[in-house]
Amino acid sequence: MKRRDFLKSVAAVGAGGAFSAPAIWSSAKAQSRQETLLIVSESGPNNLDIHGVGTNVPGYEVSWNCYDRLISHEMKSVNGRPYYDRDKFKPELAEDMNIGDMSVTFKLRKNGTFQDGTPVTAKDVKWSFDRAVTVGGFPTFQMGAGSLSKPEQFVAVDDNTFRVDFLRKDRLTVPDLAVIVPCVMNSELVKKNATAADPWGLEYTKQNTVGSGAYKVASWTAGTDVVLERNDSWTGGPLPKVKRIIWRMVPSAGNRRALLERGDADISYDLPNKDFVELKSDGKLDIISTPYSNGIQYIGMNVKTPPFDNLKVRQAVAYALPYQKIMDAVLFGLASPLFGAPAGSATQVAWPQPHGFNTDIDKAKALLAEAGYPNGFETTISFDLGFAGVNEPLCVLVQESLGQIGIKCTINKIPGANWRTELNKKVLPLYTNVFSGWLDYPEYFFIWCYHGKNSIFNTMSYQSKDMDALIEGAVTAAANGDTASYDKDVKGFVDLAFTDIPRIPLYQPYVNVAMQKNVSGYAYWFHRRLDYRGLVKG
Amino acid sequence: MINLVLKRLALAIPSLIGVVIITFLLTRALPGDPAAYFAGPAATAEAVQQVRVKLGLDKPLIVQFARYVVDLAHGNLGNSLTSGQPVVADIKSRLPASAELTLVGLILSVLIAVPLGILAATRPGSFVDHLCRIVTTAGVSLPVFFTGLILVYVFYYLLGWAPAPLGRLDIFFTPPPQITGFYLIDSLIAGKMDLFRAALAQLVLPALTLGIFSLAPIARMTRASMLAVLSSEFVRTARASGLTPFTVIVTYAFRNAMLPVVTTLGMVFSFLLGANVLVEKVFAWPGIGSYAVEALIASDFAPVQGFVLTMAVLYVAINLLIDILYGVIDPRMRVEA
Amino acid sequence: MTIVEQTEAGSEAGAGGLAATAVVADPAAKKASGLAATIQHGRYIVAENPVTGLAFGLFVLIVLAALVGPYVVPYDPLASDTVAALKPPSLHHWFGTDQLGRDIFSRVVVATRLDFIIAVASVALVFLMGGLAGIAAGFFGGWTDRIVGRIADTIMAFPLFVLAMGIVAALGNTVQNIIIATAIVNFPLYARVARAEANVRREAGFVQAARLSGNGDVRLLLTQILPNIIPIMVVQMSLTMGYAILNAAGLSFIGLGVRPPSPEWGIMVAEGSTFMVSGEWWIAFFPGLALMIAVFCFNLLGDGLRDIVDPQRRT
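Residue numbers (our numbering), protein chains in the order written: chain Z, 1 to 538; chain G, 539 to 875; chain F, 876 to 1190.
Calculated directly from the structure, the hints in this document are not laboratory data.
In this text the structure is predicted, and so the values were computed from the model without any measurement.
Just so you know, even glycine gets a beta-carbon here, dropped at the ideal spot from N, CA and C.
Do not take every clue at face value.
To be verified - From the structure, some residues in chain F lie toward chain G, with a derived Cβ separation under 7 Å:
id	residue
1	Ala922
2	Gly928
3	Gly932
4	Val1037
5	Gly1041
6	Asn1074
7	Leu1121
8	Phe1128
9	Phe1160
10	Leu1164
11	Met1167
As the list claims (entries may be wrong) - Covered stretches of chain F, going by a simulated chain Z footprint (3 or more residues, C-beta under 8 Å):
id	segment
12	939-952
13	1057-1066
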């Protein structure tokens, strides 16, 4: 090529890509915009199937909305908003539930169909439940939390009748059937796409929704967006109002807020607390805040190794924490305080509930000296970087406060993906963490967090025979319907938790949702994710 | 020419091997444990160990490396934990997004920096010269994510001139049928002008952010190169012959000064491909940079390795292209090869 | 050297060989007139190019702030005061307060020290690593040259920011590791320049003379060649100082920056950017301004130093 010609052609291409003014709005799109709900969040699902390996929390939201379960919960009203009713169940795929002594039998709806038109039968239910207890990982764990562990427990009596046999009497078995995990899948369709190496078809369900739920995933680009479309032949309840949902991942929190404020996005629950408070006072958006059911943010200490094996040290820390500062500067008031219960107040049969510690630096110093550390000591405080927005300022404030009584902390940021691993090693001396359980019962929380069988959620490695006895007592009492024993044991284990104080509850976090004024129908569920089925736009 | 290409490729092989080894070691040194991630939040130590064996992570490092190399030879870059897809598919779908952004940013930068450089070169030591230097240096003195956020704040949030920073296209447009993967080109080929405008509108702010950041090296190199050429004999002759200043500068001087500028462009492009990870994060751009960053934070090995390898290969290819371009632009370079 | 490198080196040096000889001759001439001549030359440069003067002035200010800053700031940069959180600039707090009530002015000034340390340490490390490797490669040639060249090429083949991210993620986010990552990422550049310079000086008269006097190779490298490349490198070092700070900021944005609560411009900008949309612009603006001024100063300083050291290489 001649040099001149080459250079000329380059110039031509350069001139061609001329700059035109940006287009802001296209009126032709206005109508379809009205029929679509745009949700923005920081991260999205990595798997559309809750039974999948390593499925993350956003994946649970897809499962909830695209699959049905045998039963669900009725709604009650709390502060004028729909809130799931823990104690009242509602039929979803099953139209009738008969709880026997050691089993529960369900009659399936005759008109239940999967999204491809195949009818839902008890065979599908059994296959799905077998899958849930066999694949391992989180789904199996969650099923086991309600004593649902063996495929033998699940019996397809006939096409429309399904029975679950109890392993033992457990108050949690029936509620466990209403959580996200025991969803009903189109077993024939999945089996068609299973392989010898992948008998449960996990690879297929990772990318495709195969349920009978109100929505189906029309397209999913990992890390970018999920597009859901309404299943117009859904029979599990009143047909949802929103035809199309686009769930877009927007990593920058500032951008998410900007999108909401300018009206380009409809819903987000993924904003810093400060933004929620300001948006609420601005009045341009609707902000709904609901406390986490059965959830607590706490400061945990490793009670197996010094210095935190010393009760007085733990008490000193409990008196040194800057509780109110955290509520004000980190949470902007969007949480329920779990500290500072007035002295002499009676313990409730409830969880969470506040403990009696409050910030008292002098008392903390005295306790620390009594414990044998008059000059304090050095340690590290760790937190999950995945929730740095809250954890980082919280730890900075704690570090400052503890510094006042002589405990010098270095802050240890652990990336979100590694947090569980590090926590489960149970060597972190001091850290902050959140735990919440889908099943809103005090003994449920305590079994996982305080029982000596040392589950991974007992991050403090706390072991106490007294505590174990109280927890087991409560579980048995609940299974037998013995309210008096139950109440006594619950109050007992709560008191012991506050006396031994291996973990120091800070607050009960709020789930906050910001919506445009023309969006309504938000309901709070135990899993704290969005239920698209009740949302209305316009 | 063929000799040149082969020689350069041969020289590049040891670097690529080095890249593969270093990336492998680096990702293995990352603090996360993919087995724990896979096993889920409620896994016991035994469950995690089971998953570890299944993933082949319990084998010694050498064996894992050998496996990795064998996979590489088959074009298999592994699977991503975070997206659940094969890395090759992810990279294929995301690379055009980054490449388009980087190219448009570069073009924008050239359109501003080259005239500035020429202007500064024709008036050395003057106020204009100093102003050019200050402006371009200022652009490169701010962290690139900060520039991006300020642009979003001013032009989207305050003024509403720019569209929402939601990625390559507004929510309600569907992407054009994929030919090159570049929305600008594909929409033109498909004849959809509104799609073209929409894609261009989304590109403005992120490309501007990248462009501001790359003004300085291009402007400086243009200035230096022009200065050197302007003091050469043939330019003096051209001036003496009575040609207009414009002809002298553009037709004679600039064409001869282009060579070092082209080198710089190549270097800047490679640099930008790696540096646009931050811009992609700010603008929710579905590119390869944000992919790699998310994977790195999640200690997800395969995408990071795939990304680095792709970039390294691209870097070699770009350098090769530049050398060939030299041969076309400046015949003297051909003789050297 | 590849064609790419030759062209870079060529255009940078103007007429290649000529510049080398000029530079070789110059240090000898300067040494003869001593410090006074350098100062006079410096004054001339500053007068001719006021921007350089500005840069020098800023540099002095930055060093002062780094040295004296922590002792003269009005508030403790780590002291939180949640009652006074998120207050705009006022007489009490010149730059306002951040989300934990800390005074931003104090934090910005105290951060100067940490950022300056990061910049200087990175540069010192990469100069030692890259400079020594480069001059060894240029001087000895052969296998040393090939190995250093391969290492430099391999590092350059990485997307540099991602390499820095990977190193910090793997080693842990401490100030030391950020410095190490910055040094590694800049290694190829220094190695190349050092190599080119050493190559040129290998046959120079004064080196031959020193060798004849009985100096061993290593001694030659350290005492004759290294000091002579410092003036050339000083320009690059100043640019790298700016880069080191920007790199730390970028890493902070991803969460791999310094640990809280240490005040550092980059992490203050990264944290503050989430507050921009809600109107608390001052949290990111002032550290961002300080950062920009510092990097700006280092970049222009590089130009000024280049003018003093080797005017022929001006860009």
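Hint check:
1. Ala922: Ala922 of chain F check fails; min Cβ-Cβ to chain G is 12 Å, beyond 7 Å.
2. Gly928: 11 Å, violated
3. Gly932: Result: violated, 15 Å to nearest chain G Cβ.
4. Val1037: 6 Å, holds
5. Gly1041: Status holds, d = 5 Å.
6. Asn1074: The hint is violated - Asn1074 of chain F has no Cβ within 7 Å of chain G, the shortest such distance being about 18 Å.
7. Leu1121: 5 Å, holds
8. Phe1128: This hint holds: Phe1128 of chain F lies near chain G, its Cβ roughly 5 Å from the closest one there, short of 7 Å.
9. Phe1160: Interface hint status for Phe1160 of chain F: violated (9 Å vs cutoff 7 Å).
10. Leu1164: 9 Å, violated
11. Met1167: 5 Å, holds
12. 939-952: violated (count 0)
13. 1057-1066: violated (count 0)
Consistency note: the structure conflicts with the earlier hints numbered 1, 2, 3, 6, 9, 10, 12, 13.
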